[in-house]
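Q: Protein sequence lines, in the order shown, are assigned to chains G and D.
Number 305 in the UniProt record's numbering belongs to position 305 of the first sequence; there are no gaps in the numbering.
Number 487 in the UniProt record's numbering belongs to position 487 of the second sequence; there are no gaps in the numbering.
Calculated from the structure, these hints are not laboratory results.
Among the clues, some could well be false.
Under the rule of at most 20 angstroms between Cα atoms (straight-line distance), these lysine to aspartate or glutamate pairs were calculated in the DMTMM-like manner [unchecked claim]:
hint: 1; chain 1: D; residue 1: K366; chain 2: G; residue 2: E83
hint: 2; chain 1: D; residue 1: K368; chain 2: G; residue 2: D76
hint: 3; chain 1: D; residue 1: K563; chain 2: G; residue 2: D76
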Amino acid sequence: MKKTRWLFYTVIVSIVMLLSGCDSSLVVLNPKGPAAKTQSDTIIFSILMMAFVLIVVYILYVFMLVKYRASKTSDDYEPPHMEGSKLLEFIWTLIPIIIVVILSVVTVKSTNAVENVPAGYENEKPLVIYASSSNWKWHFSYPEENIETVNYVNIPENRPVEFRLYSYGPITSFWVPQLGGQKYAMSDMVTTLHLLASNEGSFMGKNSNFSGKGFAQMEFEVLSMTPTAYTDWVKEVKDTAPKLTESEFNSLVKTSFVGRKSFTSTHLEFSPPPMTSEEMGDMNGKTDENTNKTDSTDMKDMENMKHDN
Amino acid sequence: MKWSEFFVTGEPMIYGAMVSIVLVSLAILVGLTYFKKWGYLWREWLTTVDHKRIGVMYIIAALIMLFRGGIDALMMRTQLAAPEMKFLDAQHYNEVFTTHGVIMILFMAMPFVIGIMNVVIPLQIGARDVAFPRLNAVSFWMFFAGAMLFNISFVIGGSPDAGWSAYFPLASLEFSPTVGNNFYSLALQISGVGTLMTGINFIVTILKMRAPGMKLMRMPMFTWSVLITNVIIVFAFPVLTVALALMMFDRIFGSQFFTMSNGGMDMLWANLFWVWGHPEVYIVVLPAFGIFSDIISTFSKKNLYGYKSMVVSMLAIMLLSFLVWAHHFYTMGAGAMVNGFFSITTMAIAVPTGVKIFNWLFTLRKGKISFTTPMLYAMGFIPIFTIGGVTGVMLAMASADYQYHNTMFLVAHFHYVLIPGTVFGVLAGMHYWFPKIFGFRLNEKLGKSAFWLIIVGFNVAFMPLFFLGLQGMTRRQYTYSESTGFGPLNMIATVGAFVLAIGFVVLVYNFYWSFRHSPRNEGGDPWDARTLEWSTPSPVPVYNFARVPEVHEQDAYWYSKKKNVPLYSGEYESIHMPNNSGQPFILGIVMFLLGFFLVFSWFIPAIIMGVVTVIMLAWRSFERDHGYHISAKEVMATENKLRGDSV
Numbered sequence: 001m002k003k004t005r006w007l008f009y010t011v012i013v014s015i016v017m018l019l020s021g022c023d024s025s026l027v028v029l030n031p032k033g034p035a036a037k038t039q040s041d042t043i044i045f046s047i048l049m050m051a052f053v054l055i056v057v058y059i060l061y062v063f064m065l066v067k068y069r070a071s072k073t074s075d076d077y078e079p080p081h082m083e084g085s086k087l088l089e090f091i092w093t094l095i096p097i098i099i100v101v102i103l104s105v106v107t108v109k110s111t112n113a114v115e116n117v118p119a120g121y122e123n124e125k126p127l128v129i130y131a132s133s134s135n136w137k138w139h140f141s142y143p144e145e146n147i148e149t150v151n152y153v154n155i156p157e158n159r160p161v162e163f164r165l166y167s168y169g170p171i172t173s174f175w176v177p178q179l180g181g182q183k184y185a186m187s188d189m190v191t192t193l194h195l196l197a198s199n200e201g202s203f204m205g206k207n208s209n210f211s212g213k214g215f216a217q218m219e220f221e222v223l224s225m226t227p228t229a230y231t232d233w234v235k236e237v238k239d240t241a242p243k244l245t246e247s248e249f250n251s252l253v254k255t256s257f258v259g260r261k262s263f264t265s266t267h268l269e270f271s272p273p274p275m276t277s278e279e280m281g282d283m284n285g286k287t288d289e290n291t292n293k294t295d296s297t298d299m300k301d302m303e304n305m306k307h308d309n
Numbered sequence: 001m002k003w004s005e006f007f008v009t010g011e012p013m014i015y016g017a018m019v020s021i022v023l024v025s026l027a028i029l030v031g032l033t034y035f036k037k038w039g040y041l042w043r044e045w046l047t048t049v050d051h052k053r054i055g056v057m058y059i060i061a062a063l064i065m066l067f068r069g070g071i072d073a074l075m076m077r078t079q080l081a082a083p084e085m086k087f088l089d090a091q092h093y094n095e096v097f098t099t100h101g102v103i104m105i106l107f108m109a110m111p112f113v114i115g116i117m118n119v120v121i122p123l124q125i126g127a128r129d130v131a132f133p134r135l136n137a138v139s140f141w142m143f144f145a146g147a148m149l150f151n152i153s154f155v156i157g158g159s160p161d162a163g164w165s166a167y168f169p170l171a172s173l174e175f176s177p178t179v180g181n182n183f184y185s186l187a188l189q190i191s192g193v194g195t196l197m198t199g200i201n202f203i204v205t206i207l208k209m210r211a212p213g214m215k216l217m218r219m220p221m222f223t224w225s226v227l228i229t230n231v232i233i234v235f236a237f238p239v240l241t242v243a244l245a246l247m248m249f250d251r252i253f254g255s256q257f258f259t260m261s262n263g264g265m266d267m268l269w270a271n272l273f274w275v276w277g278h279p280e281v282y283i284v285v286l287p288a289f290g291i292f293s294d295i296i297s298t299f300s301k302k303n304l305y306g307y308k309s310m311v312v313s314m315l316a317i318m319l320l321s322f323l324v325w326a327h328h329f330y331t332m333g334a335g336a337m338v339n340g341f342f343s344i345t346t347m348a349i350a351v352p353t354g355v356k357i358f359n360w361l362f363t364l365r366k367g368k369i370s371f372t373t374p375m376l377y378a379m380g381f382i383p384i385f386t387i388g389g390v391t392g393v394m395l396a397m398a399s400a401d402y403q404y405h406n407t408m409f410l411v412a413h414f415h416y417v418l419i420p421g422t423v424f425g426v427l428a429g430m431h432y433w434f435p436k437i438f439g440f441r442l443n444e445k446l447g448k449s450a451f452w453l454i455i456v457g458f459n460v461a462f463m464p465l466f467f468l469g470l471q472g473m474t475r476r477q478y479t480y481s482e483s484t485g486f487g488p489l490n491m492i493a494t495v496g497a498f499v500l501a502i503g504f505v506v507l508v509y510n511f512y513w514s515f516r517h518s519p520r521n522e523g524g525d526p527w528d529a530r531t532l533e534w535s536t537p538s539p540v541p542v543y544n545f546a547r548v549p550e551v552h553e554q555d556a557y558w559y560s561k562k563k564n565v566p567l568y569s570g571e572y573e574s575i576h577m578p579n580n581s582g583q584p585f586i587l588g589i590v591m592f593l594l595g596f597f598l599v600f601s602w603f604i605p606a607i608i609m610g611v612v613t614v615i616m617l618a619w620r621s622f623e624r625d626h627g628y629h630i631s632a633k634e635v636m637a638t639e640n641k642l643r644g645d646s647v
C-alpha cells in the first residue's frame, strides 16, 4: 500500500526532525533553565519509547496487509478459526505494562523535580515575584525590591525565582516555554511556579489559557540579566518610575491593553493576593478570622474586576 | 434585553447566513407542499418509533452538524493560514471555535454514534425494536431540540464564546454577558437528558432482548461496545446535568457556584466538566472500536482474534475512564502527588488500548483481506489512531504536560484520536450498514476517492500542529505575528483542512450518485458478513425478524451459512408492534421553546412551557396504547416478496 508507506515515512521523518532538536524554533525542546531541561529530556525520552511502540505496530501492520490480502490468496482459501492465544495476549499486555511502569517512574520523578526549587539551588534564597493577570496584561510585583512592572519581567540569571500566580479575572496560564512548563493563575488561590534561567537572555512568555478577546496578545518578555545588571535595573526603576497608587492600579486593571510600565511600589499592600494552596489547607477547621479575611479580599477583588467591554 | 440585541448584527457573513437560512427553510416548506409530502413526513418520520428510522434521522442530523462544524473549522483554518489575517476578529473567532467544539462532540459525534447504535443494535441481537421505542423517539427529539437551540444562537442572541469547555469565571455573566452561554447550558442540558434516556434504553435492550441462545459472550463486538458505552453514559451524564444546572443558576438566577465572589469556585466547574468530559471521549470512541472489530473480522473473513480480551479491555477502559479526569488540568497546581496519580491512571489506559490494537492486527493474520470502503477506514484507523494514542501517553506525563498543555500539540493529539477513532468509525459503519437500511451499497469508487482525500487531508492538516505546539503556539489564539515563525506550518495545515473538506463533499456526493445509479437487488448479505443483521432481507422490513432467530455460536449468521444450520425455524406468527406517536415530536418542540424562553429569561412563557411538559408527561403515564399486530399472513407475504425466490 502506497499510503501506508507514505505514512510510515512521515512518522519516521517527523521523529528524526524532532530528535535532531537543532531546529531551535521548537522552543520547548530548546531549554534555557533546569525545569525546562528536565521537561525537554522527559519529552525526548517519551518520544523514543513511543517511537519503539509505533515501529512495532507499523511493522506488524504492513506485514499483515501485504501478506494476507485477498488478491494474494487462492479463491478457495478458507481462513482458519482462531480463538486467540493466551501467550501472545499475555505478551502484549505485559510489554505495555512495563513501558507504562517505566514512564510512570520518569513522570513522578520529573514532576517532583519541576514542582520544586531546582536541584542544587535549595539553599539559595529565591527571588519572589507575584505575577498576576488582568484582562490581557500581566502585573509583576517584586515585594522585596518594592517595585512593580507591567508586561515585562526582569530576573537575575542563575538564581531561583518563585513566581506566585493569581488572576484578577478568568483563569490564565503563566508560561515561559524555554524556562519551564506553565501553571494556572486563578482568582481564588495563589499557585507557585519555580523557574530559573541558567544564562542571560530574552525569553517569550505568554498566557496559554484562553481568557477572552485579547488572549492572543497577552504576551510578555522575560529578560534574564547578570546580578549586577539586575541590581542596576532595580535601582534605575526606583529612581525614575512613579509610585503605583490604588486608583491608578484600579484603572490599569480595567484597561484592556497597556504597554510596558514600571512603578516604585507594588499593588500588594492595597490589593493583597488570595491565599496559597498551603494556606488554604491550614485554614480548614480553624477560626472564622481567616475566613473573614478571604471574604474581604474577595469583595475588593470583585470591585477591581468589573469587566470592561 | 433590548430588541436590537435579539438578532446578531454587524457581520456581513452572518447577514448572508440569515438570508440563506430563510431561503432554505422557505424552499423546504414550498417543496413539501408542492410534492404533497407533509403527510408522508408526519406519518413515516416525525411520529415514527421504529429504531431504524430514528437511527437514520440521527445520522442525517449528525451529517448536517458535521458540515456546520466543518465550516467553523475551515473559517478557523482560513484565519490562521497566515500571520495577522483579518478574516475573523477576535470575538468572532472565539465564537467559531466554541461552536466547532460543542457541535463536533455533542451534536455530530454523539448522534452519529447513537444513530448507528439505533440502526444496528436490535438487528444484531435479533430483536424487533429497542426496549422502549417511544422513549427512543423522545431521546431523538430531545437531542434534536437541543441541537437546533444551540444552532440558532448563531443568528439570534449570539453564540457562546468561552470555549467548548466553558471554563468559569470566563463563562460567567460577568465576563460573558451575552446570552451565548445561556444557549450552551440549556441546549446541552436538553440534548443531554435525551442521551441519558438513550443510555438506559440500550442497556435494557441489550440485557433483556437478545435472541434465544445469544449469551453475553456470543454477542457481536459492536453490541458489547455499545453496552459498555451506555453504562458509561448512565454514570457520566448525570454529572453534566448537575454541572449545567448549576451553570444555568449562575447565569440566569444569580447564584454564585462558580463565580469569583461569595465563595464561588471556578475550578469546581472544571472538575465537574471533566468528570463527565473524559468518559465522554470513551463514549464516542468505544462504539467505533466495536464497529472496527466487526468490519475487520468481516473483511478478513475471520472471527475476531482474542474476543475475551477485547471485552475485558473495554471493561478496563470503562473503569479507568472515570479515574483520569484531572489530567485535563495538571497545571492547576494540585501538586506532584495528585498529578502523579492521574498520570499513572491515564497511562494505564494505554494497556487495554494496546491489547485491542494487537488483537485487530492478529485478526488480519491468515485472513483473506478485501479492501472495501469500510475496511479502508478501518485500516486507515490503525496507524493514525496509534499516533493519537502514543501522543496521549506523552501528554499523560504531568511534567511534560506542563509544556504541552493548551498548545497546538494537544489540539493535534485529540484530533488524531477523535478523527480516526470516532469519525472514521462512524463513516466505516455508515458505508458498511448502509445497504441493510436502503437495499443498495454506496458506490465503492467514490467511497474510496473520498477516503483517500480524507486521510491525506487529515494528516496534512494535523501533523503540522504537533510541531506548532512545540514551537509555543497556543490553541484558541486567533492571530499571531510574523516574527513567531508559525506561518509556514499553519499554511500547510490550512491546505490540508481544505483537502479534508473536499473529501467530505465527495462523500456526500456519493449518496446522491448511489441513490440514482447503484445496482439494487444485491440480497440481504452483500458483504458476505457474519452477524445476525445480515440474515434479514435488505431493506429490513419494519418488524426486523419475521421469525425469531436461534443463536448457537458467536458470529451466528456465519456459522449458519458455513454449517448449514438454519437460524430460523417454525411457522410465521403474528407480530406485535408499537404504534407511532406524535407526542415525542411535540415534546421536542416544547422543550425547544422552554429552553429558548429561559435563554432570554422570559420566565412567564418558560413557566407555561414547563407546565405543558408536566401535563404531557402525566398524559403519557395514563395513556393506554397497546400497539398493533401484523398478521402471520401479512408477514409471510412481505417475506416472500423481499426474499424473492430464495426462500
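Q: Return the numbers of the hints above that this structure violates; sort them in rising order.
A: No numbers; nothing is violated.
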